[in-house]
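**Student:** Next come the chains, spelled out residue by residue.
Protein chains: 2
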Amino acid sequence: MHILVIGAAGMVGRKLAQRLTRDGELQGQQITAMTLADVVAAEPPVGFTGKVTIETVDLSEPAASEKLIAGRPDVIFHLAAIVSGEAELDFEKGYQINLDGTRYLFEAIRHAHMADGFRPRVVFTSSIAVVGAPLPYPIPDEFHTTPLTSYGTQKAICELLLSDYSRKGFFDGIGIRLPTICIRPGKPNKAASGFFSNILREPLVGQEAILPVTEDVRHWHASPRSAVGFLIHSANMDLEQVGPRRNLSMPGLSATVGEQIEALRRVAGEKAVKLIRHEPDEMIMRICAGWAPGFEATRARALGFTAESSFDEIIKVHIEDELGGKL
Amino acid sequence: MHILVIGAAGMVGRKLAQRLTRDGELQGQQITAMTLADVVAAEPPVGFTGKVTIETVDLSEPAASEKLIAGRPDVIFHLAAIVSGEAELDFEKGYQINLDGTRYLFEAIRHAHMADGFRPRVVFTSSIAVVGAPLPYPIPDEFHTTPLTSYGTQKAICELLLSDYSRKGFFDGIGIRLPTICIRPGKPNKAASGFFSNILREPLVGQEAILPVTEDVRHWHASPRSAVGFLIHSANMDLEQVGPRRNLSMPGLSATVGEQIEALRRVAGEKAVKLIRHEPDEMIMRICAGWAPGFEATRARALGFTAESSFDEIIKVHIEDELGGKL
Numbered sequence: 001m002h003i004l005v006i007g008a009a010g011m012v013g014r015k016l017a018q019r020l021t022r023d024g025e026l027q028g029q030q031i032t033a034m035t036l037a038d039v040v041a042a043e044p045p046v047g048f049t050g051k052v053t054i055e056t057v058d059l060s061e062p063a064a065s066e067k068l069i070a071g072r073p074d075v076i077f078h079l080a081a082i083v084s085g086e087a088e089l090d091f092e093k094g095y096q097i098n099l100d101g102t103r104y105l106f107e108a109i110r111h112a113h114m115a116d117g118f119r120p121r122v123v124f125t126s127s128i129a130v131v132g133a134p135l136p137y138p139i140p141d142e143f144h145t146t147p148l149t150s151y152g153t154q155k156a157i158c159e160l161l162l163s164d165y166s167r168k169g170f171f172d173g174i175g176i177r178l179p180t181i182c183i184r185p186g187k188p189n190k191a192a193s194g195f196f197s198n199i200l201r202e203p204l205v206g207q208e209a210i211l212p213v214t215e216d217v218r219h220w221h222a223s224p225r226s227a228v229g230f231l232i233h234s235a236n237m238d239l240e241q242v243g244p245r246r247n248l249s250m251p252g253l254s255a256t257v258g259e260q261i262e263a264l265r266r267v268a269g270e271k272a273v274k275l276i277r278h279e280p281d282e283m284i285m286r287i288c289a290g291w292a293p294g295f296e297a298t299r300a301r302a303l304g305f306t307a308e309s310s311f312d313e314i315i316k317v318h319i320e321d322e323l324g325g326k327l
Numbered sequence: 001m002h003i004l005v006i007g008a009a010g011m012v013g014r015k016l017a018q019r020l021t022r023d024g025e026l027q028g029q030q031i032t033a034m035t036l037a038d039v040v041a042a043e044p045p046v047g048f049t050g051k052v053t054i055e056t057v058d059l060s061e062p063a064a065s066e067k068l069i070a071g072r073p074d075v076i077f078h079l080a081a082i083v084s085g086e087a088e089l090d091f092e093k094g095y096q097i098n099l100d101g102t103r104y105l106f107e108a109i110r111h112a113h114m115a116d117g118f119r120p121r122v123v124f125t126s127s128i129a130v131v132g133a134p135l136p137y138p139i140p141d142e143f144h145t146t147p148l149t150s151y152g153t154q155k156a157i158c159e160l161l162l163s164d165y166s167r168k169g170f171f172d173g174i175g176i177r178l179p180t181i182c183i184r185p186g187k188p189n190k191a192a193s194g195f196f197s198n199i200l201r202e203p204l205v206g207q208e209a210i211l212p213v214t215e216d217v218r219h220w221h222a223s224p225r226s227a228v229g230f231l232i233h234s235a236n237m238d239l240e241q242v243g244p245r246r247n248l249s250m251p252g253l254s255a256t257v258g259e260q261i262e263a264l265r266r267v268a269g270e271k272a273v274k275l276i277r278h279e280p281d282e283m284i285m286r287i288c289a290g291w292a293p294g295f296e297a298t299r300a301r302a303l304g305f306t307a308e309s310s311f312d313e314i315i316k317v318h319i320e321d322e323l324g325g326k327l
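Chains as they are written, first to last, in full-length UniProt numbering: chain A, 1 to 327; chain B, 1 to 327.
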């Protein structure tokens, strides 16, 4: 079992490689090789005894994908993308990497399929940004994709390509729309959505965090551990049962900011909650208003995908995975 | 007012140019120039006194679109595509023309926009093939696009691009999902959907026609005259009121084959109906089962788009427009 991870230097990519190392197998077969690709050199996963190849590539170069699949990986996890904010600021770069890069990958696989029957499993990470306001709550599986960002547009287009290439038999693909990942480890960043993680992660280690929105803002979350779980399940499951609609909204937890704070209080006490500074920011409030409050995710749940069911659980996952199990 | 029609040699393109000639104006301004583009030379519309430029171009060549917009047309009707059957048989050609061709056009406009502020109205003809079975009846405006053909995939992708380019202000675009055009003038063709027109058009002139499906098959229709009406309305209307969801399922008439035949009986008598030969074809029945039975088209109707409300009316339109007004 040879696995290719594209976007392996990112937070989810690193956690995925570590999980694959721990599991040692995928689809019931021993993992003997991993190719870890990204625009910067990915770290080899600690403890992996098989062959590791680190590829530093720019997916927007047509030849990059040919090189990546030259070893005919059995499973390809495609996590690479430039993020929403950057794709919005740099229109051309967004399309080059998020759309053309993905299409080059799909085309390279199609050409290999026609040459030698290559037909890998392709797991593509899409995003809840494929939908756009006004949105019902919860959003049904059959709701249309009318993105309000170039990033969401690029993801929605790749979903369509993935279904068509899968229908034609060029590869066996599945697209998964990840919820907002919470609690995102690391430092606070400038993403408009950063506060959802900041207001929990920072107080848990005694640091202040800024809350720029009101507590009634509702959003859709899953832990990094769940995100990796979705990827593993996507690689293992029988895709025949998914049928031609290959893109699925992943399960998650719909919660208000107030519910996040209540969970923090239960897990870490009033002292932690007091570290959240309320500084309303009109611009972030306006951006937030267009975000998905939550999905039904009926199909994904029926297919065995699972996520956290409370923010207490999401916080505990963070404490276990990032803080060595203790506060 | 300078108008560019891409796909001007096709049936709808020809009727559009003729209608524009008859109207003499668009958006309340006199039409002084028409550029008619297609892979084969389009016929100049009879009676047009402005400047006509005939362009024979292959839209899948990146430079073609630059040439087409060199004269900075005020309104661009983009009707060009290779049809569903051909796009399914020739995967590469389908993507080259239906996706890349459209993207080259949008990119050429974006570059012109950045160079000199060019911002034309773009009317894009999409298709009901953007949806795929299983389908509810009627299909709501907010139903997701899960096409089951490469053609439908390409149209759905172009819809997404159109919305994003419009949102960014590069052009002022609208995508319209045309129903199946009925009664399509001309000779019977080999398209799987051809029988919807054949069973009316041929008997109306005393010819036999073959019906390959059962009479309970329900589908979604509008006349060629209505299709042209949608295009004109799309060019004239204020798109601010459409908002960011720039793709609309057009109104139409949902009817069973049995209802088509009853209308034929009322308009042309039992003699005409007797010319329909029932020859069930399993393959066509299976293909048909995946087609759209009808749409709510709530938004489009509210925005002033109109279509026929009975098959009697559709037949009468055909008699007026194609048979000189009499049977």
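Just to be clear, a hint being listed does not mean it is correct.
Facing chain A, according to a computed beta carbon distance under 8 Å, are these residues of chain B, among others [stated by the list, open to error]:
#1 PRO138
#2 PHE143
#3 THR153
#4 ALA156
#5 ASP164
#6 ASP238
#7 VAL242
#8 VAL317
For the record, the hints were derived by calculation from the structure and aren't laboratory data. Since we're looking at a predicted model, the values are computed, not measured. Idealized CB from N, CA, C, for every residue including glycine.
**Student:** Please go over all the hints and tell whether each is borne out by the structure.
**Tutor:** Hints, verified against the model:
1. PRO138: violated, 14 Å
2. PHE143: holds, 6 Å
3. THR153: THR153(B) check passes; min Cβ-Cβ to chain A is 4 Å, inside 8 Å.
4. ALA156: Hint on ALA156(B): holds, closest Cβ of chain A at ~5 Å, below 8 Å.
5. ASP164: With Cβ-Cβ at 4 Å, under 8 Å, it holds.
6. ASP238: For ASP238(B), the interface hint is violated, since the closest Cβ of chain A sits about 20 Å away, which is over 8 Å.
7. VAL242: violated, 12 Å
8. VAL317: violated, 31 Å
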